[in-house]
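Please model the entire structure based on the sequences and the hints provided.
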Amino acid sequence: MKIFIAGHRGMVGGAIMRQLQQRRDQGEAIELVTRTHSELDLTDQAAVREFFRSEPLDAVILAAAKVGGIHANNTYPAEFIYENLMMQNNVIHQAHAGGVQHLLFLGSSCIYPKQAAQPMAEEALLTGVLEPTNEPYAIAKIAGIKLCESYNRQYGTDYRSVMPTNLYGPGDNFHPENSHVLPALIRRFHEAAQQGLDKVVIWGTGTPRREFLHVDDMAAASLFVLDLPHNDYAQNTQPMLSHINVGSGEDISILELAQLVAGITGFAGAIETDPGKPDGTMRKLMDVSRLAAMGWQPRIGLEQGIEDTYRCFLANYAAART
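Under my numbering, the sequence shown has 117 at position 117, and the numbering climbs by one with no breaks.
The reader is advised that the hints may include incorrect statements.
[Claimed, not checked] Dumping the calculated DSS-like pairs for lysine-lysine here, alpha-carbon to alpha-carbon at most 25 Å:
#1 K66 / K146
#2 K114 / K146
#3 K199 / K146
#4 K114 / K277
[Unchecked claim] Label-pair ranges, simulated between beta-carbon atoms:
#5 L197 / R24: 42 to 52 Å
#6 P56 / R24: 13 to 23 Å
#7 P56 / E272: 52 to 62 Å
For the record, the hints were derived by calculation from the structure and aren't laboratory data. Quantities reported herein were computed from a predicted structural model and do not represent experimental measurements. Ideal Cβ positions, reconstructed from N, Cα and C, are used throughout, including at glycine.
Okay, here's the thing in structure tokens:
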């Protein structure tokens, strides 16, 4: 099985690669193919075409994406929609053109409408208006799902899509402005504890609720879905509603999350909210019953996962500060 992991240096792609390497080391016949951005720019149509022509593959895992939190999505909406659309279009189309029968596309829970019923089931897709703060990114991810479905319907490929909830873990981005909420909180509370600050102010009211999944669980779920026999996948999906939610099935308020992170990082001061900053969607919880019915469940609890992530942050703190 010769597998191309697009985005192997990212948090999710890296976790998937580690698990595939473990399977290979245990005797499975797996050959992993990777390319860095300098070796292959996935937004370059000609370069991607040449890559697939010269590299026969059995499967593709499309984990490459431009990602970021509320601030990044608000500041760079053009880059978020353009770069993600270009990467997806190039990789999915050229995979088909190169005869690749199996592909796994990784999306995001932000594909669902802002006012979607909670927990959000796969059927909620395209039933309402998206959250404005990340609409360009969401549009790109929806297009990726529909691109996979369209090639399946027209050409008989087996291209599958998984939609993860908020992810965290080893390899996360701890940048103070362009990171997601959990790594941003880990860094802020760590630095506040080190500096002896008496308070930390978090964005928004603290009342929005979010679901989190450790990236190692996401990697395991991704490979579980990729490995499913075609009939098992088809029986649990529909040709035009083929994506599968991946999450923990539990959520927590941002204020509760901040309190949990404060305890793990050793911050003993006050936690204040700033209602003048945007909250984003008030609740985002995935309905993961479809994946559970297929036989997959997460293994890593939130507190254990944050402790693991904090250890990774400390091990690379010098690099995280640059």
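- Query: Between P56 and E272, is the Cβ distance one that fits in 52 to 62 Å?
  - Reply: holds, 57 Å
- Is the hinted range of 13 to 23 Å satisfied by the C-beta distance from P56 to R24? holds, 18 Å
- Query: Okay, L197 versus R24 on CB: inside 42 to 52 Å?
  - Reply: holds, 46 Å
- Query: Taken at face value, is the distance from the CA of K277 to the CA of K114 at most 25 Å?
  - Reply: holds, 18 Å
- Query: Are K66 and K146 close enough, with their CA atoms no more than 25 Å apart?
  - Reply: Within the cut-off at roughly 19 Å; holds.
- Query: Under the criterion that the straight-line Cα-Cα distance not exceed 25 Å, is the pair K199, K146 satisfied?
  - Reply: violated, 46 Å
- Item | Restraint check for K114 with K146, where alpha carbons must lie at most 25 Å apart | holds, 20 Å
Against the hints set out earlier in the document, a violation occurs for number 3 only.
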